[in-house]
Amino acid sequence: MTTLQRQKTLGKILSFIAFCILVYYAAKLCRVDYRIFKSGIFEGFQFIQELFPPDFGALGEMLYPAFETVLIALLATILGALISLLLAFGGAANLAPAWLKFVSRFIMVAERALPEIVIILLLVAALGLGAFPGVVALAIGCLGMLGRLFADAIEEVNPKTMEAVTSVGASKMQIIQYVVLPEVMPSLISNVLFRFEVNIRLSVLLGAVGAGGIGYEIFYSFQLLEYERASTAILVVLFLVFSSERLSDYLRKKILPTGKLK
Amino acid sequence: MIEVKHITKSLPDGKQILKGISFVAEKGDFIGILGPSGAGKTLTMRCLNGLTKPSSGHIYVNYENRIKDISKCRGRELREMRQKIGVIFQGFNLVKRLSVLDNVMIGRLGQINSLRSLFYGFTDSEAKEALQALENVKIAHLAHRKVASLSGGEMQRVAIARAIFQNPVMLLADEPIANLDPSNAKKIMKLLKPLAQEMPVIGVFHQPKIASEYCNRIIAIKNGIVVYDGSPNLSEKKLEEIYGEEFNALEEATMTPTLAYS
Amino acid sequence: MTATIAKKHLPSEKLKKKVTCFSLFAIVLVALSVQLEFNPALFFTEGHHLINLLNEMLPPNINILWERHNIFASVQETIAMAFLGTIIGGLMALIVAFLAARNTSPSVIIRMFFRLFMSVERVIPKLVTILVFVIAMGLGPFAGMLTLTLSTIGMFGKLFADAIEEVDNEPVEAVYAIGANKWQAIRFSIIPQVIPSFIANFFYAFDVNLRAAIGLGIFGGGGIGFEIHMAMKMLRYSDALALILFTIVFIMLFEKISDHLRARILNKETLR
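Residue numbers (this note's numbering), protein chains in the order written: chain V, 1 to 262; chain H, 1001 to 1262; chain Z, 2001 to 2272.
Pulled out of the complex, with its shape left as it was, chain V reads as follows:
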């Protein structure tokens, strides 16, 4: 073996050892305990038995909260997409001056680092419970992901086409309307559909901390130990998530024949 190869092998062994130490340390921090796991699995399955049979009598009570959850996700997706688009115009290097790009991109990065659940905690603290903070939190939650994807898509518009339309004397607003928007529309819509799917899931989660809807029903039933009622709510959620996934998949494939994101 040459020295270089030996160094490489040594490096590999060292990183593996470091990795193992990290895993051990993390396991300790997480209080991983095989005995708890063993008895926990048993308890878990026993508990899952308590979820059955679902209390279908409560199904009627679940319909409106489920509807509310979908509405929250829908409205938040629409509003979030509109705000993200505006932010993306500011964050695209080919439309905005450097300082505006920096500010917009910074907002997107900061938002992406801020979990939606923290946003809703803040909003609930300020505005109280209800759909309003839920919609606002989810709409803000769109900014990081959609804003960046939109801005990247806008930056990919052929600069020569933009220049050609500039050369007929078009204003910036006209260039956005007649060049940028038509060119990015398919990727825009497909990303919004994907985000709708994400927002349905998030809207369930946020419901538990105060946005209302079906998530609240689950959390509340657990706290009241009404597990059979909870499992009805869970089934409704499964249906919601599953059908939103199918729907957004289907629509995406219709818009983009490849069905691929980005």
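No lab work stands behind these hints, which were simulated from the structure alone. C-beta: ideal position from N, C-alpha, C; glycine also. Be aware that one or more of the hints could be misleading.
[As the list claims (entries may be wrong)] Capping the alpha-carbon separation at 20 Å, the derived lysine to any residue pairs in SDA-like fashion look like this:
hint : chain 1 : residue 1 : chain 2 : residue 2
1    : H       : Lys1146   : V       : Ser187
2    : V       : Lys160    : H       : Gly1153
3    : Z       : Lys2014   : H       : Gly1153
4    : V       : Lys160    : H       : Glu1154
5    : V       : Lys28     : Z       : Val2075
[Stated by the list, open to error] From the structure, some residues in chain V lie toward chain H, with a derived Cβ separation under 7 Å:
hint : residue
6    : Gln46
7    : Ala164
8    : Ser167
9    : Val168
10   : Gly169
11   : Gln174
12   : Val179
[To be verified] To list a few chain Z residues with every Cβ distance to chain V over 12 Å, as calculated:
hint : residue
13   : Ile2109
14   : Phe2113
15   : Ile2178
On the provided structure of chain V, position chains H and Z as indicated by the hints.
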């Protein structure tokens, strides 16, 4: 009428590309600009419609009995000038996801108010005029197709129709046939030639043979200055003098179009 | 001369269509807002509540980050949850992926079973999983970690399985052609092809899990999410803001680190 008076252009690094270009173009002129690569042909064209500002010199454009210096115009005034100058490009530079008719109508964007284009768009009579422009380049039957589905020759015709639709006082063509096969290239030249009856047509060409065949005046640029301005019948010797080392490669260039799609 | 434009292509007709679509859209938007009692004006009428909250939050009580020892411990807990969830879940996802991919699965029944398992798992909200695990394992990061492990299997098992199914078939056939068995074909022709996508997805999974770990903390998973929740509940708003800012900074930091590591490892991978 357009009068170019001693324009110069230096790059930020101090290298002077244009060293004083002057010529006058009038109605009836179909000017072919020739010259080796890097001589400053494309840069001259960009100065002519204000996409690049020359470092010094003047470009007087005469329209509606007014004379304006495009190299000094900014903002709204510059956009007004650009409306009056039709440009077609090597890469066609159309909005691929819009229909052919929409692409032609984009030629008028500079002439309508931003607010009108945002809320109202184009009028029916404008659409009919645009269709007329398409008929002039013999592709009216493609009016409602998406541009993305057209061939190169068809795309360049759309670009010409867009320029005609602008009602320009002059037409600039930056290597309009470089991406086309020889038969399509000739068809495009045949379309451009009669336009010179109404306005000066100025084109940059890579193929001196085709340029000599259709243009009625040739301007040759070498190292940033005009080295020839006159009859399209250039002798072999003169061509060799203009192109220098590139002369031998020319024959092949006329046969195979450069596929620099962008 | 004159070709004519069909009526539906006339700009005025298009405008009519656009106006109709836009009004419908506006009506839907308004109807949704009314139904949810979502009134944007609330932002202005209730804006003072937000301002009040901000006033109470500012300035952030940065001191809390080192005054209370357990903040540091909770951050570690959150990171450990995400890290372990990614490693264990990722490795299990790998195994499941090979069992669920068409070209490597030992039998159709096994393949269908794991595909079904993954799609069911992906539909179950994390909220439910964490609640069940908290009941089974007790409060704390262990329950959070198990939740992340399970969701990683569901989500990345599918990505991995799809990646395996998408491999270029020619090298695989070439390996079979020289008389290799299934194991050898997997080892020498499928694994090398999918490794870059696996690595990239591992890092992506970590990013996703780190964010999720914060959310899970609120429902009993422990860690920094729990601390934020507690601070808010006890109305210690300036502490909460300090924690939130700290969270943003460390998530951004980890994203940078993971981007860097991924680029390095993938570069090495392609060089080999």
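Hint by hint, here is what the structure shows:
Between the alpha carbons of H/Lys1146 and V/Ser187 the distance comes to roughly 17 Å, so the proposed pair stays at or under 20 Å and holds. Pair hint V/Lys160 plus H/Gly1153 holds up; C-alpha atoms about 18 Å apart against a cutoff of 20 Å. Under the criterion of a C-alpha separation no larger than 20 Å, the hint pairing Z/Lys2014 with H/Gly1153 is inconsistent with the structure, at around 28 Å. For the hint linking V/Lys160 to H/Glu1154, the alpha-carbon distance of about 18 Å falls within 20 Å, and the restraint holds.
Between V/Lys28 and Z/Val2075 the CA atoms are separated by roughly 14 Å; this keeps the pair inside 20 Å, and the hint holds. Here the hint on V/Gln46 is broken, as its CB sits about 58 Å from the closest CB of chain H, past 7 Å. A least Cβ separation of about 4 Å between V/Ala164 and chain H falls short of the 7 Å threshold, and the interface hint therefore holds. Evaluation of the V/Ser167 hint against chain H yields a held restraint, the C-beta minimum of about 5 Å falling below 7 Å.
A least Cβ separation of about 5 Å between V/Val168 and chain H falls short of the 7 Å threshold, and the interface hint therefore holds. Evaluation of the V/Gly169 hint against chain H yields a held restraint, the C-beta minimum of about 2 Å falling below 7 Å. Using the Cβ-Cβ criterion of 7 Å, the hint placing V/Gln174 at the interface with chain H is satisfied: the shortest such distance is roughly 5 Å. Contact between V/Val179 and chain H, as hinted, is supported at the beta carbon level, the nearest pair being about 5 Å apart and thus within 7 Å.
The beta carbon of Z/Ile2109 sits about 23 Å from the closest Cβ of chain V, which is more than 12 Å, so the claim that it is off the interface holds. Every C-beta of chain V lies more than 12 Å from that of Z/Phe2113, the closest at about 18 Å, which supports listing it as non-interface. The claim that Z/Ile2178 is not at the interface with chain V holds, since no C-beta of that chain comes within 12 Å of its own (minimum 28 Å).
Of the numbered hints given earlier, the model fails hints 3, 6; all others are met.
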